[in-house]
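Chain X is fixed; fit chain H onto it per the hints.
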Amino acid sequence: MVIAVLSLAGFFLALYLLVSKLGLAGSMICGVGECETVQASKWSMIGPVPTSALGVVGYLGMLGVAMLGLQPGGLRSRAVSGLLLGFSAVALVFSAWLTWLEAFVIRAWCQWCVISAILVTIIFVAALFEVRRLRGGSEA
Amino acid sequence: MTKFYWILAMVAVVGVAAVGYTVASGTMRKTATEPVEVEGLDNMETLVAMARGVSKGDPDAPITIAEFADYQCPGCGAFTLTVKPQLDAQYVETGKARFVYYDFPLVSNHPYTFLAARAARCADDQGKFWEYQNTIFRNQSTWVTKQQPQGDFVDYAVMVGADKDTFEACLKSDAHADVVSANLRLAYELGLDGTPTVMISMGRGMARRLMSFDFQSIQKAIEDLMAESAAPSADSASAAGA
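As you go down the protein sequences, you meet chains X and H in turn. The first sequence finishes on residue 140 if you use my numbering, and the numbering steps up by one all the way, no holes. The second sequence finishes on residue 242 if you use my numbering, and the numbering steps up by one all the way, no holes.
For reference, chain X alone in the conformation it holds in the complex (with noise of 0.2 Å):
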């Protein structure tokens, strides 16, 4: 329940920051940290993809698979929170990879992007926990 949750809320942030990229929106709100420095940097986009598409795309996906994970009838499987473990484990790894990029090569933060970091590593861990107990529950 809680990875849907912050599933969702990860991807109206994506969403906003894509939105932001593509013109649609006028200057960003940013309390803390240069967003329009990051947004402006060429990590912003993946060849013709801007990189908060991918983030909305991966959040929707994961909150696809997390209430597929809370249906009733046998769906909550070992095998739906392995591929919820999977799929975080790569958002985890690829926000790190973005979080790295704003510290050392752009040099400038974007708050948006702090928060889905911490965001995608409180889903790992929640899918990780997830994934532990029904291992412990099948075991017992």
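Worth flagging that the hints you see were computed from the coordinates, not collected in a lab. In this text, all values refer to a predicted model and were calculated from it rather than measured experimentally. There's no promise every hint is true.
Claimed, not checked - One side of the interface only, derived from the structure: several residues of chain H facing chain X at Cβ under 8 Å:
#1 Leu8
#2 Val11
#3 Thr22
#4 Gln147
Yeah, the Cβ is synthetic: ideal placement off N, Cα and C, and Gly gets one too.
Same frame as chain X, but now just chain H:
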């Protein structure tokens, strides 16, 4: 489980409202990066009133040096960074001439030039036009290679001491798009076809377009113009003596 769906619904509502507001908000106007339609520019009087240059020096100076330039044009950068300081020292700061800059953004070849022109006007709002222009030309080779040079333009504004938030709000809007578009139209109406274009005029006399814009050529053109304007008074003096 019902509580969970309530929380999920609340997050969805807040998310949709926040992103929707961001896009729809009036303060989040789309950044103008290319010329805009301005009503009335077919009328020459309206066009001249609308196409405002940025002026430096004594408004009553006898000579006017006008430049039409494009921020992505390397020749314009060279002119601004090497020739203009000499013109400033010799003519503008001595009160002999005033310098007027007009935007001539050649948007078909230069994708960021219109935004750069607007950026310079945003700096002008804070009284930082000339230093910002120098900075933008000095860093021309850097920002022209970027996919999104807005961040660089903001950095340059901070470098020249402009207020970042005010500048950013200006840049991320359509502020000055009308004036820059009018300047572009004026350049076409004058038949200009390249940048930089430098023109000199005396008083309200016809402007002369210079074919060379190195300092020596401009200096000679100005001296010739001053000599020509002095000549009739010499004639009338001799006529009075006769």
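Hint numbers not upheld by this structure, sorted from lowest to highest:
Result: no hint breaks.
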